[in-house]
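Visitor: Residues per chain, in single letters:
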Amino acid sequence: MTFTWIQLGLYLFILLLLVKPLGSYMARVYEGERTFLTPLIRPIEHLVYRITGLRGDEEMDWKTYAVAVLLFNLVGLLLLYGLQRIQSALPLNPQNLGAVRPDTAFNAAVSFVTNTNWQSYSGETTMSYLVQMLGFTVQNFLSAATGMAILVALVRGFVRHSGSTIGNFWTDMTRSILYILLPLAFVLALALVSQGVVQTFHSSQQVSLLQPIQGASNQTINQQTLALGPAASQVAIKQLGTNGGGFFNVNSSHPFENPTPFSNFLEMLAILLIPAALCYTFGKMVGDTRKGWAILAAMTIIFVAMLSVTVWAEQSGNPAITKLGVDQTASSFQSGGNMEGKEVRFGVANSALWATVTTSASNGSVNSMNDSFTPLGGLVPMWLIQLGEVVYGGVGSGLYGMLAFVIIAVFVAGLMIGRTPEYLGKKIESYEMKMASLIVLIPIIIVLFGTAISVLVPAGKAGVYNPGPHGFSEVLYAFSSAGNNNGSAFAGIGANTTYYNTILAFAMLLGRYWLAIPALAIAGSLVRKKTVPVSSGTLPTHTPLFIVWLIMVVIVVGALSFLPALSLGPLAEYLMR
Amino acid sequence: MTQDPRLSGVGPTQGQGTTYLRKQAPLGVKVYRQAIIDAFLKLNPRWMLRNPVMFVVEVGSVLTTALWVQALLGHGEAKASFIGAIALWLWLTVLFANFSEALAESRGKAQAAALRRARQETRAKRLSHPKYGAQYDLVPSSALRQNDAFIVEAGDIIPADGEVIEGVASVDESAITGESAPVIRESGGDRNAVTGGTRVLSDWLIVRVTASPGEGFLDRIISLVEGAKRQKTPNEIALNTLLAAFTIVFLVVCITLLPYSLFSVEVSHQGMPVTVTVLVALLVCLIPTTIGGLLPAIGIAGMDRLIRRNIIALSGRAVEAAGDVDVLLLDKTGTITLGNREAVEFISVGKVSEPELAEAAQLASLADETPEGRSIVVLAKEKYGLRGSAGRDEPRGMHFIPFSAQTRMSGVDLDGLSIRKGAADAIMAYIQQQGKSVPQELKAIVESISKAGGTPLVVARNGEALGVVYLKDIVKGGIKERFTKMRKMGIKTVMITGDNPLTATAIAAEAGVDDFLAEATPETKLKLIREYQAGGRLVAMTGDGTNDAPALAQADVAVAMNTGTQPAREAANMIDLESSPTKLIEIVEIGKQLLMTRGALTTFSISNDVSKYFVIIPAAFASTYPALGAMNILHLATPESAVLSAVIFNALIIIALIPLALRGVPYRPVGAARLFRNNLLVYGLGGLIVPFIGIKLIDMILVALRLA
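Residue numbers (the working numbering), protein chains in the order written: chain A, 30 to 606; chain B, 59 to 766.
If you are wondering where the hints come from, they were derived from the structure by calculation, not from laboratory data.
Since the structure is predicted, the reported quantities are computational estimates derived from the model, not experimental observations.
Treat the hints with care, since some could be wrong.
Stated by the list, open to error - Here are the simulated EDC-like pairs of lysine to aspartate or glutamate, each with C-alpha atoms no more than 20 Å apart in a straight line: (1) B/K290 / A/E60; (2) B/K183 / B/D261; (3) A/K559 / B/E589; (4) B/K183 / B/E135; (5) B/K538 / B/E568; (6) B/K534 / B/D573; (7) A/K490 / B/E568; (8) B/K167 / B/E284.
Required output: the full structure, derived from the provided sequences and hints.
Guide: Put into structure tokens, the structure is as follows:
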């Protein structure tokens with residue numbers, strides 16, 4: 030057990046250690062300052078502007094910025110959809126896979142463009158290498174960079190005053206990719222290859238089994254098909270960009286995506302690296318790193334609390350199996366705990382940690398089956414998603430979501446001290462409240478309504494395979510994941526149907542852009558305001574008290590919105606054991 | 059005037075709000091009866107729509123009442139008695155909220171009624187042309203138009219707001235200010251504004267009408283105190299947005315619970331789905347009814363607290379802005395210092411002794427009725443036991459020379475002695491005029507007094523300099539502590555004075571203000587305000603003169619004295635009927651209180667929800683999954699009693715908090731961080747704990763009464 034906590038502690042330690050260097054590097058990138066990579070990348074950046082004909086130095090107001098975001102994402106969506114539909118006529122398709130079904134292709138295209146990476150398809154049997162590389166991997170970069178660009182625009186809303194422009198989307202986008210995502214993905218991909226993650230254009234390989242097995246109709250099987258492909262390059266960005274869409278169907282529990290404990294550690298680190306470091310970037314850009322640390326502290330405290338519950342729940346094992354007299358305690362001979370659906374090479378601790386990491390960030394990749402977690406162990410990842418993906422959250426999107434909570438927290442706190450609330454010197458007024466409320470409100474509505482419709486209509490109910498509260502949990506999880514752009518699945522429901530592909534695609538679209546637009550609108554409103562100087566009448570927003578308050582606001586909103594639904598799902602399942 | 063939190067806003071603090079409270083006192087029972095009637099009248103859905111949170115409760119009440127009727131007819135989803143009880147308490151929730159608003163309004167209404175009596179139709183003596191002695195005809199006051207001229211004589215009620223263009227008279231303005239002492243109104247200068255509804259006591263005035271009927275000062279005040287024109291303030295709108303967001307979330311939560319419950323029953327093949335009655339009850343318990351119900355009352359009560367301090371806020375926005383003020387511009391005279399200078403020391407020159415100087419100075423001041431003159435007489439008496447009165451043993455043959463603007467000195471001639479006192483440069487010129495020389499020592503003393511912030515008054519006898527009387531500005535007692543408090547609140551105080559920078563520096567240091575503006579002119583004042591505003595600060599100031607009007611219009615919170623001129627009153631967004639310059643500090647506190655009360659009750663309301671979940675969820679779903687009963691940590695008797703207790707608690711807490719809403723959360727200047735911590739503990743943590751206790755108690759009572 031001690032070893033478990035040491036592993037978790039080491040993970041957090043390394044993560045927090047990297048926050049400052051990466052965070053200040055990113056701040057320099059977005060402020061257009063010189064970095065050690067500038068001599069190498071600046072020429073490429075200029076080349077990009079020259080080829081695309083985009084003016085990188087033109088400042089945009091929030092509406093222009095938002096239109097650029099939406100247009101760019103729409104084009105990406107259409108391209109990705111088209112690519113899947115005509116993949117059979119395109120090269121790099123050694124398995125000769127046919128065109129992807131329209132509903133599946135639409136769902137997958139939306140999923141990758143919105144940084145969700147919900148996958149209703151099975152990668153190795155549906156998508157050609159070309160679609161994976163030119164489609165999904167490219168979108169993994171672009172959707173991540175879109176989130177980061179929106180965040181940076183919002184931060185400029187706080188930093189600048191009495192103006193109207195919040196930066197240039199094309200510049201923010203290009204820099205996010207060239208200076209941040211590409212170099213990190215390059216290094217991580219090489220590290221993953223060193224651990225055995227495949228990176229090849231070879232078609233699937235037939236290999237002989239060491240030990241023949243009996244098939245379902247009693248025939249002897251001694252051959253196995255090993256799916257291959259250019260996996261390492263996609264896995265690296267899927268983790269760094271909090272995308273999460275696996276190259277293979279079983280995602281990071283596949284030995285070719287995540288072969289060793291070390292690759293597992295690196296991938297988990299990659300998931301939270303940028304979202305955590307962006308907090309520091311934020312602090313640096315607004316000129317007070319304490320504000321960034323305060324937000325990071327609030328996130329980390331929620332994360333550690335949630336992680337502890339999952340680890341505890343999973344390590345306690347399955348009560349049904351305990352009743353049969355099976356020993357599930359951890360010892361030198363076994364990891365113990367609930368091992369159903371987990372890889373032996375990762376064990377309980379690293380599976381529980383992964384599940385918490387991937388759901389706190391809007392990553393959604395898995396290295397174990399969340400569906401097989403204990404009720405409470407499964408409740409935590411689901412609730413982390415339902416909190417709005419703001420505990421670290423997606424790259425960029427996590428922090429701008431959290432800033433909406435900060436605005437609400439500051440507003441109520443400001444009233445309590447008798448002053449029109451302000452944050453970072455900007456007065457929080459009716460317009461900001463409206464937009465922040467939308468950011469908090471919309472995912473909740475999508476999740477609750479989506480689930481309600483699905484448990485009412487026959488097409489929705491048809492996909493539910495499990496009885497009792499667990500079946501309900503699976504539907505609730507699916508909509509939580511899509512509505513908050515997480516992408517992980519409890520699994521267990523038949524989601525590759527026209528109904529689920531369509532409704533979940535719309536959930537993902539609404540969950541992404543109905544949050545991005547209000548976030549930019551806040552930036553547009555803040556940037557016009559004057560900066561109010563700090564006085565002793567100003568509420569300090571970096572103190573432990575404020576951190577506690579922010580945590581309370583996030584938790585209370587999450588609890589009030591989802592406790593009734595959760596009590597009919599995982600809570601009922603837990604109490605009924 | 060430090061506010062005792064127990065007293066703030068509750069009752070009459072010393073010397074405040076005389077009229078208002080006098081007229082308020084006998085109402086008592088009548089006020090409550092009227093408020094109860096109004097609470098029912100406000101059930102009108104069109105009125106309720108203004109408050110989305112309470113409108114949702116009203117719709118819920120209608121729905122459960124319909125379900126109750128259905129149950130009475132024998133097709134109910136639950137026992138008719140249970141549904142009926144829920145419906146009843148939901149209606150009470152709405153009524154309690156309406157009652158709080160009506161009660162808050164009633165105070166304003168009583169005040170308005172009193173003011174209206176002052177505004178009765180009167181007859182006006184309209185002049186054919188604006189000149190004393192011109193022909194006039196008697197017309198009703200409503201016939202007066204802007205720029206008409208009228209005459210008012212002793213005993214007349216002034217028929218309309220206007221500006222005095224001729225004459226001087228004493229006017230009884232107690233109808234508006236509650237102050238029974240008459241005030242002087244005269245043409246020209248800063249006392250030329252008269253208000254319709256006030257009464258001329260002596261002499262006559264010729265007045266030019268500045269406001270058409272129905273738009274006068276009194277009309278505006280009446281509509282303001284009545285709340286007829288009450289518009290939501292920016293901050294209130296922002297809070298309403300947040301409350302609406304919470305209401306939408308809970309609406310969605312409760313609406314979707316029905317399909318969830320149906321599905322759960324279907325897949326688990328057991329139990330009963332949740333009833334609509336319970337869902338409505340859950341909804342009402344969750345939406346922020348406590349703050350939603352009390353929000354209008356809080357706003358009205360805030361305005362009301364100002365009225366009781368005899369301040370009329372011409373916009374609710376200004377009251378809120380007052381809580382945000384970063385910079386206070388305060389006039390030195392009257393606010394920081396007592397209006398007058400006082401003699402504190404006699405400094406003689408040459409061979410003259412101090413008692414000799416004191417005697418001469420006293421003699422010269424015997425007839426001087428200015429406060430400075432009297433203070434010289436008093437000081438001479440206290441220090442050297444010299445006779446202090448000009449009355450009985452006045453030496454014969456005394457001839458007093460009064461102060462004049464030309465000579466800038468005053469004095470006395472007796473027994474061949476000629477004593478003069480006055481401003482240093484005036485007396486020095488006088489000495490030289492007499493062919494005598496001014497001693498260097500005198501010049502040095504004069505300079506050192508000026509440097510220390512005092513005013514030197516030079517005394518000469520027969521053209522010979524005797525010495526200097528040190529006149530000092532007396533800083534008000536306790537003002538320094540008050541400014542320290544302001545600093546803790548994060549407010550910067552700036553003293554505005556016409557004095558030279560030397561004097562200003564000394565007084566600023568003594569009073570403890572953060573900054574000062576010396577040799578202030580209307581232009582420099584305006585410039586200063588603009589500079590602070592450009593730096594993102596909110597500025598508050600008081601003023602009374604016409605030349606203050608531009609600065610008043612520019613300031614975010616501008617308080618005009620009621621004694622001030624019409625332009626000043628037009629430019630301001632608050633009017634202080636008592637014309638007390640220190641009011642600004644109280645206004646800031648009231649503004650802060652207003653916001654704090656909203657914040658505290660919002661936090662309380664939302665914290666309550668967390669506790670209520672533990673009551674309602676196990677009760678609501680116990681029929682589907684009995685295992686959820688484990689969440690019933692309060693061990694409430696039955697699911698029905700649990701739901702009913704929560705609804706009753708939710709309604710009663712509104713009544714319980716009405717006094718707090720009307721009185722406001724006490725403000726203590728302790729700095730933002732501590733204030734936040736204290737309020738979070740009281741209203742956040744309190745909000746978590748109180749429902750557990752309250753609901754458990756109600757449940758026990760219900761069980762004891764066999765109602766559950």
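Visitor: Run every hint past the structure and note whether it holds.
Guide: A quick look at each hint next to the structure:
no.: 1; hint: B/K290 / A/E60; result: 41 Å, violated
no.: 2; hint: B/K183 / B/D261; result: 15 Å, holds
no.: 3; hint: A/K559 / B/E589; result: 13 Å, holds
no.: 4; hint: B/K183 / B/E135; result: 74 Å, violated
no.: 5; hint: B/K538 / B/E568; result: 8 Å, holds
no.: 6; hint: B/K534 / B/D573; result: 17 Å, holds
no.: 7; hint: A/K490 / B/E568; result: 79 Å, violated
no.: 8; hint: B/K167 / B/E284; result: 5 Å, holds
In this structure, the earlier hints numbered 1, 4 and 7 are contradicted, and the remaining ones agree with it.
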